[in-house]
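Work out the full structure, taking the sequences as your base and the hints as a guide.
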Amino acid sequence: RSGGAGDPLDEPARAVPDEPTPEDLAAWMAAAMGEARSALEHGDVPVGAVVVLDGRIVAARHNERELTGDPTGHAEVLALRDAAATRDGWRLSDATLVVTLEPCPMCAGAALASRVGRVVFAAPDLTGGALGSSYHLGSDPRLGYEFDVRSGPAAEESAELIRAFFEDRRR
1 RSGGAGDPLD
11 EPARAVPDEP
21 TPEDLAAWMA
31 AAMGEARSAL
41 EHGDVPVGAV
51 VVLDGRIVAA
61 RHNERELTGD
71 PTGHAEVLAL
81 RDAAATRDGW
91 RLSDATLVVT
101 LEPCPMCAGA
111 ALASRVGRVV
121 FAAPDLTGGA
131 LGSSYHLGSD
141 PRLGYEFDVR
151 SGPAAEESAE
161 LIRAFFEDRR
171 R
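Numbering (my numbering), first residue to last: 1 to 171.
These are computed hints drawn from the structure, not numbers from a lab.
These figures come from a predicted structure and were not determined experimentally.
Keep in mind that the hints are not guaranteed to be accurate.
As the list claims (entries may be wrong) - Here are the simulated distance ranges between beta carbons:
hint	residue 1	residue 2	range
1	A30	E66	22 to 32 Å
2	T68	R169	11 to 21 Å
3	R170	V16	34 to 44 Å
4	G34	A85	17 to 27 Å
5	V16	D88	14 to 24 Å
6	G144	R171	43 to 53 Å
7	E157	P105	17 to 27 Å
8	R169	V16	33 to 43 Å
9	H42	M106	17 to 27 Å
10	P22	G69	31 to 41 Å
11	R37	R81	35 to 45 Å
All residues carry an ideal CB built from backbone N, CA and C; glycine is no exception.
In structure tokens, the structure reads:
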């Protein structure tokens with residue numbers, strides 16, 4: 001069955017943006033790390049995310065749950081919303097989401113819902129990560145869409161930033 005032009009059933013089950021260079025990945029992750037550090041200014045968990053389209057960053061956000069009181073104010077969700085607003089539609093199959101921490105189930109679900117083409121994360125989240133550590137929503141064929149997931153640069157830097165944040169909160 002086909003519902004016509006733009007119908008989700010006509011979409012490929014997996015899309016992959018152009019392969020980034022290591023230099024591009026490093027630059028994009030550096031921008032995401034800058035966003036993560038910005039989250040510290042208002043007491044949020046230091047996670048940052050950028051969305052890349054056609055080789056350039058079109059959205060950059062950090063966690064804002066404490067700042068806004070919005071439980072969905074995660075960096076990934078905010079960045080995906082901003083990126084979709086730059087398009088004629090919500091599908092981001094040619095986009096790469098670069099994030100400093102492996103996305104949680106909500107954020108992995110947002111990546112899935114936006115049909116993002118690739119997610120690159122720095123540090124794994126061994127307790128709540130939903131793209132490989134605890135779950136893998138990006139490659140579950142039952143969900144009808146799969147996207148490329150990989151670890152990227154700055155894993156140690158991101159993990160240390162998060163560790164220091166929570167250590168400071170416990171004092």
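Structure-based check of all given hints:
The hint said 22 to 32 Å for the Cβ distance between A30 and E66, and at roughly 24 Å that hint holds. Between T68 and R169 the CB atoms are about 19 Å apart, so this pair conforms to the stated range of 11 to 21 Å. Separated by about 41 Å at the C-beta atoms, R170 and V16 satisfy the suggested range of 34 to 44 Å. Checked against the hint of 17 to 27 Å, the C-beta distance between G34 and A85 comes to roughly 21 Å, which is consistent with it.
Between V16 and D88 the beta carbons are some 21 Å apart, a value that agrees with the proposed interval 14 to 24 Å. Roughly 46 Å separates the CB atoms of G144 and R171, a value that falls within the hinted 43 to 53 Å. For the pair E157 and P105, the beta carbons lie near 24 Å from each other, so the given range of 17 to 27 Å is met. Distance hint check: the CB atoms of R169 and V16 are about 38 Å apart, consistent with the given range 33 to 43 Å.
At roughly 20 Å, the beta-carbon separation of H42 and M106 lies within the given 17 to 27 Å, and the hint holds. In this structure, P22 and G69 meet the distance hint of 31 to 41 Å, their C-beta atoms being roughly 39 Å apart. Separation of R37 from R81 is about 21 Å and departs from the stated range, judged on CB atoms against 35 to 45 Å.
In this structure, only the earlier hint numbered 11 is contradicted, and the remaining ones agree with it.
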